[in-house]
Every structure is written in C-alpha cells, then in structure tokens.
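In order, the protein sequences belong to chains A and B. Mapped onto the UniProt record's numbering, the consecutive letters of the first sequence carry residue numbers 1 to 222. Mapped onto the UniProt record's numbering, the consecutive letters of the second sequence carry residue numbers 1 to 1024.
These are calculated hints, taken from the structure and not from any lab test. One or more of the hints may lead you astray.
[Claimed, not checked] List of simulated lysine to aspartate or glutamate pairs, DMTMM-like, C-alpha gap at most 25 Å:
no.: 1; chain 1: B; residue 1: K909; chain 2: B; residue 2: D817
no.: 2; chain 1: B; residue 1: K855; chain 2: A; residue 2: E40
no.: 3; chain 1: A; residue 1: K116; chain 2: A; residue 2: E70
no.: 4; chain 1: A; residue 1: K180; chain 2: B; residue 2: D640
no.: 5; chain 1: B; residue 1: K798; chain 2: B; residue 2: E771
no.: 6; chain 1: B; residue 1: K863; chain 2: B; residue 2: D731
no.: 7; chain 1: A; residue 1: K180; chain 2: B; residue 2: E671
no.: 8; chain 1: B; residue 1: K622; chain 2: A; residue 2: E17
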Amino acid sequence: MSEQTASWFNVYNVRPETEVPTESPLAWSCHHSGRPSVSEKSRVVLRERAMLGHLILRGGAIMLDEAVREVLGFGLPGRPNTLTRDESGERSIQWLSPDEWLVIVPGGEEFDLEGKLREALGDAHDSSDNHYAIVNVSGGQTLLELEGECARELLMKSTPYDVHPDAFPVGKGVTTIFAKASLILRRPTEDRWELVLRRSFADYLYRWILDAGREYAIGVDA
Amino acid sequence: MSQSLKQPNRLHEGGRIDRSHTLSFTFNGTRYQGHAGDTLASALLSNGVDIVNRSFKYSRPRGIVAAGAEEPNALVQLGSSEAAQVPNVRATQQALFEGLTAQSTNGWPNVQRDAMSLIGKLGGRFMPPGFYYKTFMAPASMWMTYEKYIRKGAGLGRSPMERDPDHYDHLHQHCDLLVIGAGPAGLMAGLTAARSGARVILCDEQEEMGGSLLDSRELLDHQPAYRWAERVIDELGRLDNVTLLPRTTANGYHDHHFVTLHERRTEHLGETAPLVDGVRPARSRMHRVRAGQVLLATGAHERPLVYGNNDVPGNLIAGAVSTYIRRYGVVPGEKLVLSTTNDHGYRAALDWIDAGREVVAIVDARRNPDGDLVAEARARGIRIIDGAAVLEARGEKRVSGARVAAIDVAAFKVAGQAETLACDTIASSGGYSPVIHLASHTGARPSWDDELLGFVPSLVKGVHAAGSARGVHGLAEGLADGTAKACEALAALGKSADAIALPQVDARYESTACALYQVPHEKPTLRAPKQFVDLQNDVTAAAIELATREGFESIEHVKRYTAMGFGTDQGKLGNINGMAIAARCLGKSIPEVGTTVFRPNYTPVTFGAIAGRHCRELFEPKRYTALHQWHVEHGAEFEDVGQWKRPWYFPQVRPQVRPDATNGERESMAEAVARECLAVREKVGILDASTLGKIDIQGPDAREFLGRIYTNKWAKLAVGRARYGLMCKDDGMLMDDGTTSCLAENHFLMTTTTGGAAGVMEWLELWHQTEWPELDVTFTSVTDHWATMTVTGPEARKLLAEITDIDLDRDAFQFMDWRQGKVAGVPVRVFRISFTGELAYEINVQANYAMHVWKTLFEHGDKYGLTPYGTETMHVLRAEKGFIIAGQDTDGSVTPEDLGMQWAVGYDKPFPWVGKRALSRSDTRRVDRKQLVGLKPKDPKVVLKEGAQIVLDPDHAIPMPMVGHVTSSYYSPTLESGFALAVVKGGHSRMGETVYLPMADGKTHAAEIVSTIFVDPKGARQNV
C-alpha cells in the first residue's frame, strides 16, 4: 500500500501481535447454554469456525474482480446470491448486494489481504469511477457450520427462504431471515450449510438452533 | 366414576376401525370404550351417548350432528390434567386414544340436568336476536356485570392455567403445487402433479387421507373406492417430490399463495406428545407454505334442512350417518327417517338398512324422484314419501318421532295433513355447499350457482378448485376434474403434466335436486317450534326473520345481529340456509342477498402452534455485547435498550449496614446509582458502550455526505479529530445524534444512538441511493465489530496510562481527539469523547479481544477506585451536563433549536442539508415552541416524574393549560437534589420562572426553570 493510500484511509491491524486471550461471539453462549456433545444419534452437527478474517468489499464488480483475482487467485462470484471459493475451500467470496461482497479468509490473513487489495486497487481518492471500500468486520461476526441428515429440516424450521436443493444448489448464499434475526446462509458443499451471524445475535441464534435441533439430537463439535 | 363397557351401536363388522384394539376413554366422568380408528364422536355414538353438550344461548341438549370439521355441537374440553387442557375441540375431529379425557364445554352442573335450561326455555322472550348488543346499552355501566354471567353461561371452553408441557414449531415449506384436501379430486390432482416431477404438498385435515372415498358406496376399478385411495396414497408416499400431510388443516389463505397449514402431529397419540427416543416431538406444527399454485380440493359440506326442533339429539346430516356406518362401523340409532331434497341423501338410508336397522321412511321434498339411488331404495322396500318433508322432530333429549307432511316448496307452506312417524333418528340433506372458505380468505367473493344450489368459489390468479369444492360433485366427474385442474395449475407455472387415466367408475343417473332450505310449518316461523339454522350460535329461522323485520337487510348486518356464522363454526353448516331464509324474508334472491365473508382460521388453531418456537426464552432476540459474561458475573441488573441487554446498574453486596439488616444484602438501585455517580465524578468509572451504533464511512465524498446529512459543519474536521453531530429528518426534527471521527481524509467513523443504529444506517443508504447516488461514499455497519468501553473520571488518565502506549498528555491528546495505539497489548482506537462531563476515554477494541482489555483495566483499576457503571448512572451523569438523549428528551417534534443547540446548526453551509428547509418554516421559528430547559424542584428531595405535565398557574380551573412536560428526571448525588430536563413552551425565555407540576395523587410540585447544565457549566472537567 502506498503512503498516499494510507493518508486517505485508516487501515489498521486490530489483531494483537502478542498472544492475548480471545473470545469468539459464542464464548458466552457455550458457557451459559452448554455444548451438547456429538453422538451417533446426532442427525445435526453444529461447529463454530471462530476467529476467521471477514472483510466487506464495496465497489464496482469489474474493478474488484480484477484485484481479487490478482491477490487471491480466484474471482468474484459472477451471479447474485452465489459464492466462490479457492481450491482449499478456506477462502470464499460471497455476493451480498450489487456492489457488496463478503470475503472470508483464515484468521490473521485479513489485514494483509486488505493491504494487498488496496495496493492492487490503487489510489482511489478522487471522485471517479474507481471508488471502493474495504472494511474489516472480523470481530463482528462468526461462521457456523451445520451438517447432518436433518440440517435442512432444521433450516426449514428457522428461515422462510427455500432451502430445497432445487432452489438452493451448492454455491448459493443469501442474506435472509432466520428466526427473528437475520444472517447469511450459504451452501458451500453438498452436505454443509454455513451461517454467518452477527456477534450480538449469536447467542439468540445459538439457543434457537439448539432448541430446534433437540429432536435431532443436535451436537456441537468443539 | 361410572363405567359403560358396551357399545350398543357398534356393528360387528365393517368400517376402518380395529376391533381388536380397544381403547378406554372418559367423557363427562363416565368411562367408555372404543376402538383404534375411532374419533371421539364415533366412539360416543357407538356407546349410545346422545347428549354431548348444551347449546350456547338456550342451553338445549345437543347431540352429534356431523362427522367432520362442520360439527357445531360436539365441542369438548380435552385434558385430564390442568396443563393439558385444550378447549373447543370438535369430537368429530379428535382421534380416540387410550385414556382420552373429555368434557362438554357447556352445561352446568352437567349436560343432563342443566341449570341454564330453564332460562333457555323462557329464553325466546329474554334473549331475542341482538340481545348481546342490547346488554351494552341498558345501561352501559352494567355491561361489565352482564358480561361475567353471559360468559359463564355461554362457555366456550377454558384455557389451561398451567404451563404447557409440549412444544410447537413452524416449518417453512415451498412447493410448486399445494393441494388442499385428499378426497377423490385432491388425490387425482396430487398424483397428476407428483408424476410430473413437480414439488407437491398434499394436505388433508382428517386422520386418514381419502375423504369421501373412505365411506363411498361406489366402486373404483371394481373394488371399494378406499382401495384405490390406498394405492394412490402409497404411491405418493414413496415419491421424494411429494410431502404428504395428514391431520393437517389449511386454516388460512394469506396473500401471495402463502398458506398456513396446521399439522396436529401427536394429538391422536395422547394429550401431551409422547417421548420418541427420549425426545418429545413438537405437538403440532404450523407449516408456512409459499406455493407456486394452489389447488383447493376441499370438498363440500352437506346442508341440513331447517325444521322444527331440528336440534334435538338424534338429528344428523345424512352424509354423517353414512360416514359413521361405513367408516366407523357405528349406527347412531335404531329407526331412521330421512328427509332429503336430493339423491345423495338416499345413501344414508341404504347404509342404514345395510347395517340391519330399520328405515321408517324416506321423505323426499321432490315429486316422483327417479334417480338410480331412489330406485335402489324403492327396490329395497323402503317407504318413500315424496313431495314432503319432516316439519318437526319430536322428543327432548332424543328424537322420538318425526312429523311429516306434504309441502308446497314454491309457496313455502304445508300442503297436507301431518303424520307422525315413530323413530329415534332423523337424517336430513338439503344438498351440498362447496367448501369455499379458503378461496374466500383471498378476498374473492363467491358466486351463486342456481343449478348447483350453492356458492362456488371465485378464484384469484394462481388458485384452482377441483371436484366438489367447485360444485363438481359426482365421483367420476370429481376425479377427472382433479387431474384436469392439476394440469392447468402446472401449466400456469410453465410446467407440463400428463393427465392420468381415470379409474373405472359406474355411471349413475341422478334426478334433479330441489331448492329447499327452511321447511315450512303449519305455524308461522316466529311461532313455530324453534327451527335452528346455526346450531353452534343458537340462531333460529325466527331470529333471522326478526332481524330482517328490525331493518337489517345486509347479510353482514344480519350475521352480526344474530351471531350467525360466528365463532369456531364460521358458518359451515348454517350460512347458506341462513342466507336463503334472509332472502325469503326480504323477497330477494340468494345472490342478491349475497354471502358473508369467511375468515381465517377455518377451524381453531392452538396458540402454541401459532407461536411455534417464538416463545419463552426465544420470544425475542436478546443482543449481548462482548462483555456480557463479565456483567452477569458481577451482578449487573439489565435494562432492555431495543433488543440489547445493557447493564443498568451494578448493585453491590453490602457489608452489614444496619443492625437489623442481614449480611449480604444488595444495594438498592438508588444506592447503587448514587455510588456509581460519585465514583465517576470523584474517581473513575467504566461503562460498556458497545451497543452504540457504529458506521464505517469511506469514500472521496464522505465528508460532503456528512455535511448534507448532519446539521453542522464537517468540511474542516481534521484527521485525528472527532465532532458531535445532529441529524434531522427532512421535517427538521431531531432524529439521532452522535460523534463522528475523521480517521483519514476519506474515512470516517460515525456513532449513533443504540436504538437508532439500524434506522440511521437505512437513512444514510436511502439518501445516498435515491438522492445523491453521484457521491462516492459507502457505509458499512461495524457496530458488532468494535466493542467500546468508556473510562471516565478524574483518575481516567492515570489508569489508562498504566496499560497503553498512547501519549495521554493533555496537550498531545486533547478533548475531541482520537488516537490509535495499544491498550493491554491490543491495538485499539481511543476517542476523547465525554458523555459524563468528566475526563473520558472511549476505547474501541476488536470485539474478540474486548474481554481481555476490560479485565486488564480492572487489574489496574483498584487503586484508582475503578467502578463499573450502568445505563442509569450514565443517564444521571449526562443529564447533569444537559446532554440530551434522542428519543427520550426528543420525540420527533423537537428541532435542534428547541434543544438550544443552535451552535450545531450550519445555516450557511453551501449544500442544503436534510432538514434545513423545514427549519425556516414559520412554525419551526415560533418563539413559543416547547424548548428544552432544566428544572430544579423547590424541594430538593423531590424527583419529578418523567412525563409529568407542567402548568404555569396551579390554581387555574381544570382543565389547566399545559405548557410542557418533564423528559428526564433523576436524583443527583453530586447536587444532593432532584433535577430534571423538560420541554416548556417558550422555555428559553423563562429562566428563573417558577412552574408547577400537579400530580395524580393531588400534590403539586413547584420547580424553577434553569439552564440544562447543572454540573460544571464551563466544561472544565472534561478538558483536563
């Protein structure tokens, strides 16, 4: 990133360099509501992928697509309500709105990624077509994975969105209503659903999912 | 408890019940037996129980009339324990299970001897139609008294008083085609759509799918019709694209093909859901279906005829007689008289005679009927009296006879001598009314079909009807209609389906039905024995005639005046007859009179199913900050701020403070708040301010945008500085406030109020997207990303200095500056913003590390007296400084200038910011607007009530002119006095005046109008 860019935007690594205690958005919930263990009876398994890097990208699709390809090696999803992933599946980009994408990367990569993207995008400080924004939201959300034969039925209890495979193929991702909150729902693989939820709603959603999953002997994978 | 082990009316064979599986149940305290496959109603009939209830208004004995959802009388209260109570269950729709316990909903002390019936007998005179409304007025003050007795007398069951042990849920469903009803048309439609590969949901309200096929006399493919139904259901059950929902009532048709289906999942198994694998399944489930197309195959309800004493137990509708005999193996009597207007009714007599019981006569309103069924009855030697009808039933607690006479339908009069036939059962059929309730929920008015003698549904786009639901009553025709309509529905979705081959059905000749609703009597309607139209609401033909005579001509008015079609019944049996009678009385045709509107729900739905999982702890989301666990562990009391749970105050456990107090007593709220306030003013306090809305704003036009959306100026705010801003709606009224910091030239961080966060975000997007899309700026919520902790008080600097690398020197890091650096080893941004009036540092830390930073502050805080404080202390401290809270001191009618904040309004900004124009209107420039002032009660011990009205002259006659009200009021431990903020007309020019606050308890408080700033008017303390 050029010095110039640095004076236009405040890009700040909010991860401590030294090891300090961290708490994911579900820390309180696991403490307070417990973590039912996974057994062979569990027809739904829940897993938190805590502490990942979450960035919001805003701007024009063509410009951002080029930068993302250059930096991450794969492009933006071409269609609304879809996501793309790298080969490892560890990095993903999801369409959120016509000029908004969610990038999720392994925890710790986000600051470096933001810098490289800004570098690739250049100094967009004048009022021209190349305005963009990158916002680190890693502390504000967490990712949950749902798997198991009854995962889809659990989703049907919770969201008005149609999660039938015909309507929700692999690679789809939407922002939708879930119980009385909203979240991002996506299906990266055939058998796995991912929920990206906001920190402050995490406890409510966790309790909801455990309640709705009780009849499927839901277990939480530590 | 008495016992009855015989089932005198049970046939030895036939029906779909399992005679090898006997179940015991209790009804009104007596134990009976029935079989698996019975409904409560069929089991009661098999035990010869005649009286199942007392009527709503007249308290007359009532028996079972129907076999399905249309049953008006057999409403029972279920449940052997308090927690399991369910009111108003139709016995005809309740599957029998071992141990079922039910009681009549009405009748005291019991249905056999009812105290109300005396009133009921006199009742004709005391309870005319409109009786209910008349009690409102005579005199109005007595209504509360009347209501208590009317409710007790009327009795529509009662709610459980204990917590429901069951749980309920919702399931969101989507499909191409929703088929409602699994009778002949519905099964054909479902099969047609299913074989095409479409996503199909087929629901049916009964215990078993198949509808009329389950008790049909006809053959399909040379076998009993139910065999065909079983084969189709089996095929559908094996298809992945089909969801079969038996015991599921489509109870409401909402907009855009959103249909709610109420599935009773365990009600047939027990009064509470039995454990399955150690887990209690949801007792019932609301399927919230968004369908591409909907096909209504809801069938038809048979209309009873309206004749004298047609409510005496032993009067049934003809189809119900067939259903009880053929489906449940129960004959509800010994000697039958059938009164009919059509061929279909004859089935009851044929089924009755097949069951080996006596058919006294079939009384047919038509002359010389000649259909195939008529011929069959004649061939079986049944006496057929044509051109006649049952005029009235004899008997009180059970039918003992039927008075029959020739009638002249057209002239509405009796045309011959009446004859009384001894019998114990009268079945009647006045034809079939398509079940149009769901179509009616869409708002489409049904239309009358003179040939069918019924209303047929009008259908909005995307809704289809098939079979009896649209008046196609014959079996062969209904099956064909089902497949044809399914093809039409799928075609509308751009999908194709092949019509499927129909099973073989024998053609049957039917003679034309006759239009008879109310049977004439020798006496005029008003003096004839009661002829019931709506049994559930005790509405008689005479009541409808009286209503029309009293001037009620619109059917909607007649309905409300008489209560016809009210309640759980929704006019299933009585409405068409009622409209026909109203039409006769008004000299109009039925289509001219029209129909009333049916509303959801089709049959009652329990509150549990409506609430689903949205109850108890999951009723409403609770939003927590990253520091919530610490607050809980430190005994915080919480306050709801929107959905957030914020610490309100932190009561401490006190050492023994009074000789009489017990050790470990917690502080009161007032004590805790006073302690917290003084800690901030004298030492240092800490507040979890994470709930404040935070919006990251980036872009070359960010500064320009801020200047347009805030009332004050942003052009010159330097990097590293923060500024307080006011946001107005376009009407010039304050909507939100907060500080915004310049992080870099094109990068800002806005804060909003906790409650206003989402609204402000939408507001920014709205103006950007619709008015100023040319501005290059983007907004991203970072409320949850950053946790915010406010360290404030004279010792704040010393405390923070211990764990930060940021230079806190008063000149290097001034008031309204922000800096970034590390606190407790974690990168943070620190803002010198003060909402307390004291030296203050607001620390923003990535939320995952917040707890570590917070705890580290406490590790170092003891020696400075670090005290956690909550929202109540925050309120007191900010009010002492005259800092407003948007939404508390403002209510959408307050301008920045009303608040005395002219300093934050930039009229000379080049671009006309939101609200500017409205602020130049004459109304917003009035000098007598309500303006924010401080109030100092004359008695320092008084804490004025928030919301209290302010007057200038306490001796003025009531009503006194009110000049304002208190918006915020607290006790200040710093001032050792109560104090308040208030809005007062022309308040800014009333400094020093005394105003009065008359209270509801008769006291009047006096207060002086003062500045809004009570503590440190020069702001020296926050600038140290």
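Taking the hints in turn, this is what the structure says about them:
1. Note on K909(B) and D817(B): the hinted pairing holds, with a Cα-Cα distance of about 24 Å set against a maximum of 25 Å.
2. Between the alpha carbons of K855(B) and E40(A) the distance comes to roughly 40 Å, so the proposed pair goes past 25 Å and is violated.
3. Of the pairs offered as hints, the one joining K116(A) and E70(A) holds, with about 9 Å between alpha carbons and a cut-off of 25 Å not exceeded.
4. A distance of roughly 17 Å separates the Cα atoms of K180(A) and D640(B); the hinted pair therefore holds under the 25 Å criterion.
5. For the given pair, K798(B) sits about 48 Å from E771(B) by alpha-carbon distance, which is inconsistent with the 25 Å threshold.
6. This hinted pair does not check out: K863(B) and D731(B) have alpha carbons roughly 51 Å apart, beyond 25 Å.
7. For the hint pairing K180(A) with E671(B), the CA-to-CA distance comes to about 37 Å; that exceeds 25 Å, so the pair is violated.
8. Only pairs whose Cα atoms come within 25 Å are accepted, and K622(B) paired with E17(A) is rejected, the gap being roughly 33 Å.
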